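Turn these sequences into a full structure, and let the hints guide you.
Protein sequence lines correspond, in order, to chains R and V. Position 69 (the first sequence) corresponds to 69 in the numbering used here; numbering is contiguous. Position 8 (the second sequence) corresponds to 8 in the numbering used here; numbering is contiguous.
To be clear, the hints were calculated from the coordinates, so they are not data collected in a lab. Here the structure is a predicted model, which means the values were calculated and not measured. Ideal placement from N, C-alpha and C gives every residue a C-beta, glycine not left out.
Partial pick of chain R residues on the chain V-facing surface, computed with a CB cut under 8 Å:
1. VAL76
2. LEU149
3. ALA243
Using C-beta positions, here's what the derived DEER-type ranges look like:
4. R/ASP36 - V/GLY91: 46 to 52 Å
5. R/ARG249 - V/LEU92: 43 to 49 Å
6. V/ILE2 - R/GLY50: 46 to 52 Å
7. R/ASP185 - V/ALA41: 21 to 27 Å
8. R/TYR165 - V/GLY91: 49 to 55 Å
9. R/MET235 - V/VAL84: 21 to 27 Å
10. R/THR203 - V/LEU92: 45 to 51 Å
11. V/LEU46 - R/LYS95: 25 to 31 Å
12. V/ALA41 - R/GLN45: 21 to 27 Å
13. V/MET72 - R/ALA85: 34 to 40 Å
14. R/LYS109 - V/PHE93: 47 to 53 Å
15. R/ARG183 - V/LEU64: 42 to 48 Å
16. V/ALA48 - R/THR222: 15 to 21 Å
17. R/ASP185 - V/GLY85: 45 to 51 Å
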Amino acid sequence: VKNHFISILIFLLASAAAAQAPTVAPVSLVNPMVADISQTSVEIQSNFNGTQLLVFGARNMPGELAIVVRGPTANVKLRRKERIAGMWMHVDQRKYGDLPIFYAVASTKPLKQLAAPAVLQSLGLGESRLMLASTQTSDDVFDPALVRLLSSKHWWQSPFAHITYFGESLFKARLDLPDTLPRGDYTAEIYLFDRGHLLGFQTIPVTVFHTGIDARIFDKATNHGALYGLIAVLMALLGGWLAHRLFHRE
Amino acid sequence: MIPMMIYILRMPTYVTVGTSLFQIIFITAAATMLHAVTTHAVDIVLAALLLLGSTIGAQYGVRLSHRVPDYMLRGLMAALLFIVGGRLAYGLFITPSDIFTLVVTPS
Numbered sequence: 001v002k003n004h005f006i007s008i009l010i011f012l013l014a015s016a017a018a019a020q021a022p023t024v025a026p027v028s029l030v031n032p033m034v035a036d037i038s039q040t041s042v043e044i045q046s047n048f049n050g051t052q053l054l055v056f057g058a059r060n061m062p063g064e065l066a067i068v069v070r071g072p073t074a075n076v077k078l079r080r081k082e083r084i085a086g087m088w089m090h091v092d093q094r095k096y097g098d099l100p101i102f103y104a105v106a107s108t109k110p111l112k113q114l115a116a117p118a119v120l121q122s123l124g125l126g127e128s129r130l131m132l133a134s135t136q137t138s139d140d141v142f143d144p145a146l147v148r149l150l151s152s153k154h155w156w157q158s159p160f161a162h163i164t165y166f167g168e169s170l171f172k173a174r175l176d177l178p179d180t181l182p183r184g185d186y187t188a189e190i191y192l193f194d195r196g197h198l199l200g201f202q203t204i205p206v207t208v209f210h211t212g213i214d215a216r217i218f219d220k221a222t223n224h225g226a227l228y229g230l231i232a233v234l235m236a237l238l239g240g241w242l243a244h245r246l247f248h249r250e
Numbered sequence: 001m002i003p004m005m006i007y008i009l010r011m012p013t014y015v016t017v018g019t020s021l022f023q024i025i026f027i028t029a030a031a032t033m034l035h036a037v038t039t040h041a042v043d044i045v046l047a048a049l050l051l052l053g054s055t056i057g058a059q060y061g062v063r064l065s066h067r068v069p070d071y072m073l074r075g076l077m078a079a080l081l082f083i084v085g086g087r088l089a090y091g092l093f094i095t096p097s098d099i100f101t102l103v104v105t106p107s
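So, in structure tokens, the structure goes:
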């Protein structure tokens with residue numbers, strides 16, 4: 001993610017440098033685009049049913065918009081089964097390192113038409129296939145399956161919605177967040193492109209976190225594994241002993 | 001383990017049940033610790049619920065095993081193993097709904 005921001009900065013600086021050229025358009029003092037989201041944190045409790053994130057804003061210059069909501073990265077392993085002697089067994093697998101497990105994108109025009117492939121790639125912008133190509137070598141068997149599985153969980157959404165306009169400048173888009181939403185740090189990114197140039201961008205952090213007793217249990221399980229295991233074993237022993245005492249009181 | 005105790009060591013069936021369960025305590029405790037430390041995949045809430053049913057059920061099971069004749073106990077145990085084994089085998093042979101499985105681990 002850090003590399004990603006550095007590449008955006010470099011890109012903007014490059015655009016600014018290009019803007020020094022004599023043929024340049026009039027410099028505007030207004031922000032090319034301002035945007036915000038309906039909530040910067042998503043709290044997940046045991047009765048969490050999914051929620052909606054509203055991305056909205058205004059552009060002060062003509063251009064095309066792209067909105068990305070990017071989740072935390074994870075190591076993803078995809079295993080494939082095959083029938084051997086009548087039995088279904090895992091025969092091979094493919095690993096995808098540091099893959100954003102949540103990725104939703106929407107744009108007013110197909111991404112390809114917004115900017116050059118190199119630009120989109122450096123911004124980490126793309127339909128699922130393209131996004132993969134930036135970090136991994138492509139694979140004909142596993143890649144489509146990965147896209148299909150992550151899409152069926154609604155973890156990858158491309159496009160997640162139509163960006164609707166109100167008048168010339170106001171825009172909004174709704175993103176459905178599924179009930180299985182992975183916890184972690186997300187970013188909502190809004191880009192404004194004009195004829196292949198990035199005019200403006202904004203990133204807004206979103207935190208997805210669990211609360212309640214299940215969050216506390218999860219924390220113990222992941223951060224204090226040994227203690228958690230010990231409690232589980234003691235609980236089992238105590239449970240057996242208690243049941244015995246209950247049934248042998250006489 | 002149990003068939004060996006029954007047919008080679010010639011132990012009474014109800015003793016083999018107790019002995020096997022006793023040694024399972026250590027295996028499962030060790031496995032639980034390993035899972036808790038490495039995969040963090042121990043669901044303590046589910047375990048508590050299962051514990052409730054199994055510990056109470058075990059009390060009745062122990063009483064029953066004293067009253068039911070040996071051959072019947074062995075027959076019931078064989079039937080149980082057969083059903084569980086059959087279910088596992090069935091799972092191997094039926095076409096899975098998806099040949100791909102996704103495993104996600106935080107990086």
